[in-house]
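Undergrad: Each chain, written out:
Number of protein chains: 4
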Amino acid sequence: MFERMTESPSRVEAFSDGVFAIAITLLILEIRVPHGDHDLWAGLVALWPSYIAFVMSFAVILIMWINHHELLRLVRGVNYPFLFANGLLLLTVTFVPYPTAVLAQNLATPDAKVAVAFYCATFVAQAVCWNLLFATIVRGGLLRQEVTAESVSNVRRAYYLGVLVYAAATALAFVRPVLGLLLNISLWVVWIRLGYRAESSAVRR
Amino acid sequence: MFERMTESPSRVEAFSDGVFAIAITLLILEIRVPHGDHDLWAGLVALWPSYIAFVMSFAVILIMWINHHELLRLVRGVNYPFLFANGLLLLTVTFVPYPTAVLAQNLATPDAKVAVAFYCATFVAQAVCWNLLFATIVRGGLLRQEVTAESVSNVRRAYYLGVLVYAAATALAFVRPVLGLLLNISLWVVWIRLGYRAESSAVRR
Amino acid sequence: MFERMTESPSRVEAFSDGVFAIAITLLILEIRVPHGDHDLWAGLVALWPSYIAFVMSFAVILIMWINHHELLRLVRGVNYPFLFANGLLLLTVTFVPYPTAVLAQNLATPDAKVAVAFYCATFVAQAVCWNLLFATIVRGGLLRQEVTAESVSNVRRAYYLGVLVYAAATALAFVRPVLGLLLNISLWVVWIRLGYRAESSAVRR
Amino acid sequence: MFERMTESPSRVEAFSDGVFAIAITLLILEIRVPHGDHDLWAGLVALWPSYIAFVMSFAVILIMWINHHELLRLVRGVNYPFLFANGLLLLTVTFVPYPTAVLAQNLATPDAKVAVAFYCATFVAQAVCWNLLFATIVRGGLLRQEVTAESVSNVRRAYYLGVLVYAAATALAFVRPVLGLLLNISLWVVWIRLGYRAESSAVRR
Numbered sequence: 409m410f411e412r413m414t415e416s417p418s419r420v421e422a423f424s425d426g427v428f429a430i431a432i433t434l435l436i437l438e439i440r441v442p443h444g445d446h447d448l449w450a451g452l453v454a455l456w457p458s459y460i461a462f463v464m465s466f467a468v469i470l471i472m473w474i475n476h477h478e479l480l481r482l483v484r485g486v487n488y489p490f491l492f493a494n495g496l497l498l499l500t501v502t503f504v505p506y507p508t509a510v511l512a513q514n515l516a517t518p519d520a521k522v523a524v525a526f527y528c529a530t531f532v533a534q535a536v537c538w539n540l541l542f543a544t545i546v547r548g549g550l551l552r553q554e555v556t557a558e559s560v561s562n563v564r565r566a567y568y569l570g571v572l573v574y575a576a577a578t579a580l581a582f583v584r585p586v587l588g589l590l591l592n593i594s595l596w597v598v599w600i601r602l603g604y605r606a607e608s609s610a611v612r613r
Numbered sequence: 409m410f411e412r413m414t415e416s417p418s419r420v421e422a423f424s425d426g427v428f429a430i431a432i433t434l435l436i437l438e439i440r441v442p443h444g445d446h447d448l449w450a451g452l453v454a455l456w457p458s459y460i461a462f463v464m465s466f467a468v469i470l471i472m473w474i475n476h477h478e479l480l481r482l483v484r485g486v487n488y489p490f491l492f493a494n495g496l497l498l499l500t501v502t503f504v505p506y507p508t509a510v511l512a513q514n515l516a517t518p519d520a521k522v523a524v525a526f527y528c529a530t531f532v533a534q535a536v537c538w539n540l541l542f543a544t545i546v547r548g549g550l551l552r553q554e555v556t557a558e559s560v561s562n563v564r565r566a567y568y569l570g571v572l573v574y575a576a577a578t579a580l581a582f583v584r585p586v587l588g589l590l591l592n593i594s595l596w597v598v599w600i601r602l603g604y605r606a607e608s609s610a611v612r613r
Numbered sequence: 409m410f411e412r413m414t415e416s417p418s419r420v421e422a423f424s425d426g427v428f429a430i431a432i433t434l435l436i437l438e439i440r441v442p443h444g445d446h447d448l449w450a451g452l453v454a455l456w457p458s459y460i461a462f463v464m465s466f467a468v469i470l471i472m473w474i475n476h477h478e479l480l481r482l483v484r485g486v487n488y489p490f491l492f493a494n495g496l497l498l499l500t501v502t503f504v505p506y507p508t509a510v511l512a513q514n515l516a517t518p519d520a521k522v523a524v525a526f527y528c529a530t531f532v533a534q535a536v537c538w539n540l541l542f543a544t545i546v547r548g549g550l551l552r553q554e555v556t557a558e559s560v561s562n563v564r565r566a567y568y569l570g571v572l573v574y575a576a577a578t579a580l581a582f583v584r585p586v587l588g589l590l591l592n593i594s595l596w597v598v599w600i601r602l603g604y605r606a607e608s609s610a611v612r613r
Numbered sequence: 409m410f411e412r413m414t415e416s417p418s419r420v421e422a423f424s425d426g427v428f429a430i431a432i433t434l435l436i437l438e439i440r441v442p443h444g445d446h447d448l449w450a451g452l453v454a455l456w457p458s459y460i461a462f463v464m465s466f467a468v469i470l471i472m473w474i475n476h477h478e479l480l481r482l483v484r485g486v487n488y489p490f491l492f493a494n495g496l497l498l499l500t501v502t503f504v505p506y507p508t509a510v511l512a513q514n515l516a517t518p519d520a521k522v523a524v525a526f527y528c529a530t531f532v533a534q535a536v537c538w539n540l541l542f543a544t545i546v547r548g549g550l551l552r553q554e555v556t557a558e559s560v561s562n563v564r565r566a567y568y569l570g571v572l573v574y575a576a577a578t579a580l581a582f583v584r585p586v587l588g589l590l591l592n593i594s595l596w597v598v599w600i601r602l603g604y605r606a607e608s609s610a611v612r613r
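As given, the protein sequences belong to chains L, G, H and S, one line each in that order.
Here my numbering = 1-based position in the first sequence + 408.
Here my numbering = 1-based position in the second sequence + 408.
Here my numbering = 1-based position in the third sequence + 408.
Here my numbering = 1-based position in the fourth sequence + 408.
Misleading hints may appear alongside valid ones.
If several chains are the same, the list does not tell them apart, and a pair holds so long as it fits within one copy or across any two.
With a cut-off of at most 25 Å between alpha-carbon atoms, the simulated SDA-like pairs for lysine to any residue come out as follows [as the list claims (entries may be wrong)]: (1) Lys521 - Leu550; (2) Lys521 - Asn487; (3) Lys521 - Asp447; (4) Lys521 - Glu554; (5) Lys521 - Trp456; (6) Lys521 - Ala454; (7) Lys521 - His446; (8) Lys521 - Ala575; (9) Lys521 - Tyr459; (10) Lys521 - Gly549; (11) Lys521 - Trp449; (12) Lys521 - Thr544; (13) Lys521 - Leu540; (14) Lys521 - Ala422; (15) Lys521 - Ala576; (16) Lys521 - Val453; (17) Lys521 - Ser416; (18) Lys521 - Met464; (19) Lys521 - Asn475.
The hints are simulated quantities; they were obtained by calculation from the structure and are not laboratory data.
Working from the sequences, and respecting the hints, build out all of it.
TA: Next up, the structure:
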């Protein structure tokens, strides 16, 4: 057990970085070149839901990547449960291009409610995985000694909050899809601020 | 010859990691956004075979990546035959998105038997490649000195078992596709447990 | 604040490299295999706009990757604003395959004007992001001490120039699309020469 | 100038590895799941040209990656011309999935001649780029001191041979496409053996 904990997280970090980088770059494949009778300009403009979905998902994956980076700075080693909890989180990251495409193709249609709810529900699942990963880290004793109890509870509170707010955004989407999306986006601030705080209380590697 | 054996496996490791990370992330591209007359919700639900296929293939590639990692921890260097045996294994990894798509699009149809058999047969081929890679490692004298004969026979036994069970799953798929899939999944436990054992008897790098 | 500045840019560099490498490799997916009644040779030849678009975008992403590399050699550490400014730049990089596909499919049609303008406008946005990133670096005090004021003003001037020339190319595209494209390409020389100069005045890492 | 030559090739190596890994993994996207009236088994069998094309291109990219690795072991540093010559080579690598798809979809049709010729012509271009890259290395004085003149002429001869044989395969394809493909494949032996020889005369890093 002990030797696992002292194994450096560098290779799992590199693998995770690869998955984040690929997922973020695949998003563009979902935007299809406009075809049809109308002129190109109108076609490009008509794709505004695709651009919104692209930018939103790009931003959230970028923020998640930064947070993943900050989280791993708190960790002094990895064990087997960590690898699987991290894998589960990556599964929800690689899944993102799909709800993004669903959102893009339905945001301007009567199906917008379902599309936004599906999009937000993906992040409920992802937020649950962040909690799971953090619980795995804490239970496995993988945190660096310098990480204070305050840091731990800060991170934990933010991760709980994530699940709740994403769930609320999902519910809201069925009534007011635009508000659901805005609530979804509002969490970016939490994740960005969380990263800052985790960082200042952590040591440098 | 000698100098090859002392070459570090780090670059082949990075390349392999890249291939695993890309293959695992490409899986999502096979899930197509639902179109048609029925509402979006029904369309999303009707894609359940795609979600099952996605999760199954994600899990197996993740586990294979972890096992690849563990296997390379037993190795003190690489030679030319290793590079090609490893490349053959990666070929079967990059192939996975295709049988996954075949499975996704046929699991709910009368063609399910063929689709599951094709999916399982892919892993027969992959299991053969694991055996080939391990034989290349052992014959080339690439194992670290600390690796015990017991470790070697543990790994070898598990790899043999993999071929047999995947072959059985392929055969079973023609009769009962669901049971074939479940047998296929049951091997995850073997791979996960194998990793554990290899790890505890290996030294830290 | 201080500890952030001394954090090494290596992980953000690896992530950025991954995004550049993936974006440059995805370009080929936009070229579709010709189908139809005419023979294959004619079909392959008829895709000349795709080849032009592919080569142009490949070249520009390659050059941008080299410049990103050179820029980060001037930097001694990264902070949070840097991560987001860099992320914004990467967003415009991952976006490139889309205007490339638009260009490829419309270069030989009456819509060429709009397609070229859209293509060039993408690089206006990207040039703005380079300015933003550099401003973030300078304001955050992230430059290495050895970087001279002359280097800084060289880079800044080239980045300003980029915005202006790309904007001119966009405007020109509405009148003469071919000239717009050529003006766009002419900037490659600026970026390549910029890299040279930044490099000779920077220290080795 | 001097400081460039002593810069380590590690980052360009990592970027190149990324491009090789992505290109090799994207190949699978070109194999489409069979649809239609006939049963799935017949559909899977009918895709044999896709499997052949997939395996051929996978093998050649793998071998090229290994050779790139070996080539860079001869190099003590990189300069600007190297970066662009290497970029040009990577352009031909990322292009491979396209002729592969063309080959897959036309190998069993009367257009096989054109498809094989197009496929082989891609490797003529790639072989020219290997020559260009090597010339850039030699002229720039980037070779390690330990690399003997014999090694250099070995590599050069093999690279010349590559251009000639690929050109011959292209010409042959118009008459006998199957022989053209076989001649194309026969070069794998040259590349594999070249790697061996370069390796034994190079020093370890």
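Undergrad: The structure should be examined with respect to each hint, and the outcome stated for every one.
TA: Here's how the hints hold up against the structure:
no.	hint	result
1	Lys521 - Leu550	neither (41 Å within a copy, 45 Å between copies)
2	Lys521 - Asn487	neither (41 Å within a copy, 38 Å between copies)
3	Lys521 - Asp447	between (29 Å within a copy, 11 Å between copies)
4	Lys521 - Glu554	neither (46 Å within a copy, 55 Å between copies)
5	Lys521 - Trp456	both (17 Å within a copy, 20 Å between copies)
6	Lys521 - Ala454	both (19 Å within a copy, 18 Å between copies)
7	Lys521 - His446	between (28 Å within a copy, 15 Å between copies)
8	Lys521 - Ala575	within (14 Å within a copy, 38 Å between copies)
9	Lys521 - Tyr459	both (18 Å within a copy, 21 Å between copies)
10	Lys521 - Gly549	neither (42 Å within a copy, 46 Å between copies)
11	Lys521 - Trp449	between (28 Å within a copy, 10 Å between copies)
12	Lys521 - Thr544	neither (35 Å within a copy, 39 Å between copies)
13	Lys521 - Leu540	neither (29 Å within a copy, 36 Å between copies)
14	Lys521 - Ala422	neither (37 Å within a copy, 38 Å between copies)
15	Lys521 - Ala576	within (14 Å within a copy, 42 Å between copies)
16	Lys521 - Val453	both (22 Å within a copy, 15 Å between copies)
17	Lys521 - Ser416	neither (44 Å within a copy, 44 Å between copies)
18	Lys521 - Met464	within (17 Å within a copy, 29 Å between copies)
19	Lys521 - Asn475	neither (29 Å within a copy, 42 Å between copies)
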